[in-house]
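Peer 1: What follows is each chain in one-letter form.
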Amino acid sequence: MKYLDEYRDPGLARLLLAEIARTASRRWTIMEICGGQTHSIMRNGIDQLLPDVIELVHGPGCPVCVTPLETIDRALAIASMQGVIFTSFGDMLRVPGSSDDLFTVRSRGGDVRMVYSPLEALALARRHPDREVVFFAVGFETTAPANAMAVRQAAREGIGNFSVLCSQVMVPPAMRAILSSSDNRVQGFLAAGHVCAVTGYAEYEPICREFLVPVVPTGFEPVDLLAGILKTVELLEEGRAEVVNRYGRVVSREGNPLAQETLARVFEVADRQWRGIGMIARSGLQLRPEFSRFDASLRFDVGHIRTGESPLCQSGLVLQGHLKPDACPVFGKECTPQHPLGATMVSSEGACSAYYRYHRNPDLT
Amino acid sequence: MNGPFSCPLPLLRHETVQMAHGAGGRLSQELTRQVFMPHFGNDFLDLLDDQAKLSLPSARTAFTTDTYVVSPYVFPGGTIGSLAVNGTVNDLAVGGARPLYLSAGFVLEEGFPLAALDRIVSSMAEAARKAEVLIVCGDTKVVQKGSCDGIFINTSGIGSLRDGVSLSCRNLQPGDRILLSGTAGDHGMSIMTAREGLSFQSGISSDCAPLNHMIAALLDAVPGIHAMRDPTRGGVAAVLNELAASSAAGIDIEERAVPVRAEVRGACELLGIDPLHVANEGKLIAAVPAADADAALDVMRSFGEGRDAAIIGSVCGDHPGMVVMHTAFGSRRIVDLPAGEQLPRIC
Chain A
1 MKYLDEYRDP
11 GLARLLLAEI
21 ARTASRRWTI
31 MEICGGQTHS
41 IMRNGIDQLL
51 PDVIELVHGP
61 GCPVCVTPLE
71 TIDRALAIAS
81 MQGVIFTSFG
91 DMLRVPGSSD
101 DLFTVRSRGG
111 DVRMVYSPLE
121 ALALARRHPD
131 REVVFFAVGF
141 ETTAPANAMA
151 VRQAAREGIG
161 NFSVLCSQVM
171 VPPAMRAILS
181 SSDNRVQGFL
191 AAGHVCAVTG
201 YAEYEPICRE
211 FLVPVVPTGF
221 EPVDLLAGIL
231 KTVELLEEGR
241 AEVVNRYGRV
251 VSREGNPLAQ
261 ETLARVFEVA
271 DRQWRGIGMI
281 ARSGLQLRPE
291 FSRFDASLRF
301 DVGHIRTGES
311 PLCQSGLVLQ
321 GHLKPDACPV
331 FGKECTPQHP
341 LGATMVSSEG
351 ACSAYYRYHR
361 NPDLT
Chain B
1001 MNGPFSCPLP
1011 LLRHETVQMA
1021 HGAGGRLSQE
1031 LTRQVFMPHF
1041 GNDFLDLLDD
1051 QAKLSLPSAR
1061 TAFTTDTYVV
1071 SPYVFPGGTI
1081 GSLAVNGTVN
1091 DLAVGGARPL
1101 YLSAGFVLEE
1111 GFPLAALDRI
1121 VSSMAEAARK
1131 AEVLIVCGDT
1141 KVVQKGSCDG
1151 IFINTSGIGS
1161 LRDGVSLSCR
1171 NLQPGDRILL
1181 SGTAGDHGMS
1191 IMTAREGLSF
1201 QSGISSDCAP
1211 LNHMIAALLD
1221 AVPGIHAMRD
1231 PTRGGVAAVL
1241 NELAASSAAG
1251 IDIEERAVPV
1261 RAEVRGACEL
1271 LGIDPLHVAN
1281 EGKLIAAVPA
1291 ADADAALDVM
1301 RSFGEGRDAA
1311 IIGSVCGDHP
1321 GMVVMHTAFG
1331 SRRIVDLPAG
1341 EQLPRIC
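Order-wise, the sequence lines are chains A and B.
Under our numbering, the residue at position 361 of the first sequence is numbered 361, and the numbers go up by one with no gaps.
Add 1000 to a position in the second sequence, counting from 1, and you land on the number used in our numbering.
None of these hints come from the bench; they were simulated from the model.
Glycine residues also receive a C-beta, built at the ideal position from the N, C-alpha and C atoms.
Mixed in with the good hints, there may be bad ones.
[To be verified] In silico negatives: residues of chain A with every beta carbon more than 10 Å from chain B:
| # | residue |
| --- | --- |
| 1 | ARG26 |
| 2 | ASN44 |
| 3 | GLY160 |
[Claimed, not checked] Mimicking SDA-like on lysine to any residue, the simulated pairs with C-alpha atoms at most 25 Å apart in a straight line are:
| # | chain 1 | residue 1 | chain 2 | residue 2 |
| --- | --- | --- | --- | --- |
| 4 | A | LYS2 | B | GLY1095 |
| 5 | A | LYS2 | B | VAL1258 |
| 6 | A | LYS2 | B | ASP1049 |
| 7 | A | LYS2 | B | HIS1326 |
[To be verified] Computed beta-carbon distance windows for the label pairs:
| # | chain 1 | residue 1 | chain 2 | residue 2 | range |
| --- | --- | --- | --- | --- | --- |
| 8 | B | SER1302 | A | GLU237 | 39 to 49 Å |
| 9 | A | ASP130 | B | ALA1217 | 55 to 65 Å |
| 10 | A | PRO329 | B | GLY1272 | 27 to 37 Å |
| 11 | A | GLY278 | B | GLY1321 | 46 to 56 Å |
| 12 | B | ARG1060 | A | ASP326 | 42 to 52 Å |
| 13 | A | GLU19 | B | GLY1272 | 29 to 39 Å |
| 14 | B | GLY1175 | A | ALA146 | 49 to 59 Å |
| 15 | B | MET1019 | A | GLY278 | 41 to 51 Å |
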């Protein structure tokens, strides 16, 4: 298949692996930011193929993982209300709150629907003017433009029965939080390709300078990932703290100005709670005051809902690269995808979930 | 009207299903005589008794039932009707039975278009003809609007078991080869892409088909097949995991050997779904002793529905109960059961 097979070419992958082995003269710890990259690494067993001196640690770039439990509980409360059509991407439907998930709410009579785009939710609002249609807007800079577009469109058309429950977060502040930690181990980053497609990679240049780390925007297929790892290792070996793009077919330095403009019109930067990590200043997006009428957390009375995390879960350490999923004492025991205790086990893109799914047998790692 | 010599019987007086169509009165009779009988009619059904009286050619009989709720009820490559016939035929056939007779129970929603019902019943009859089974008894209930989604169908089936075969998911032996009779994921992705709201066009057609003729030929040629299953809900991954768990054996699969249509792969990539987790409705997985594997593959490939058949892996003594994929890159990963609901109603 065009645009896919060439990035899954085993011969090319072997060449890149050999080049990585030749280039690395010492141990390097590299973090892939995005949960999609983690998933692809585990699915294709790239961690098994890399030389031992290259350690991949898995970053916080899974939107489902970092959505606070409290926000999920608020979503469940709204979805249970009479007259509400609650819409979400499929992977949020089975994420458990403190007692239920959205499937359970649906089985009790809640109108919960899976959509592929916030614009589909907006279309539902047009079709059902007598109902309140809520879209669960989670994600990084990748999903934010489409969510912004839906809100802007709703404002333009005067659609009063549409709102979004928003948990939008941004990558660079999370990278800064990880690098600022006193026990940080990360020496280089594979930046999340699709986030960079929207934002461009210029915003990583100050991070490189400030923290002296290389950042390599990288794609998701095995050859993309290996090319990104090779470039990161080369930069590390040469002591160059720079951004070098290895996802050129999708990412440019400037990104997508139209998406950025739409995003900036509708959202403003705000402090945001990250599940498993905690509060990161100026790390999230919230609706600007002129669009706050579309904010589901204000429209529905859910502000009183406060939830705490399981004390057993160490996902914060996993999300910051301090702990490997299978080194956690409750991994695969008290904590499984069926009964997740925290952030990184809940989503299929979470690091713990990827380990459980593809590598829970120690003989395979 | 088709001209001066058209049928003098009144056409159906309604365009949609009415509550009275299920009430046992005149409209019920009309539905039976004008929709079901013309398509299904046979010596057993034509008697219109409350039961079919059957004699079976073998001492041992296989009996199965399944209920079909697929949405949408018409999809590329089939309808809920052809699915209801083929699904039950295949459930009998993979157990080593020759499917003979089916029952058909319909739950219809008030207001369901009679033209759609006629199309579905016609596709059921066509599927039954292809599978060489007879629909010998049936039932129709109508429920109020909103109580079901258009149409649900239950079919039960009886088949006669052939002698000399012993198929069981507990029979896998190390060294057995795992055969898949064609491309993975066609049915599930055809439903997925036919679904409202998903705004991309695809040429994906369901693989919905009867497997009994291919299975009969397989068992004629290789009576020593250890296990057969049709990978419906949960896809190839679910069946392989069930076989591995039941036999306490490990299964190794070669990623490059698993046939997947390019358009199915593309749709799966877009939606983030593993084709091994997607349902099939006309595919067979067989565990075959290594010495017989090529013969079994030749038989599969001699049938249209088996032309893409492949040996996708083998049974091993390691990692009992676990299915392991060998990737094209030389790494390995677990092939797990799908987690929860992936798709809308697919069968």
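Peer 1: Which hints, by number, does the structure contradict?
Peer 2: Result: hints 2, 4, 6, 8, 11 and 15 break, sorted rising.
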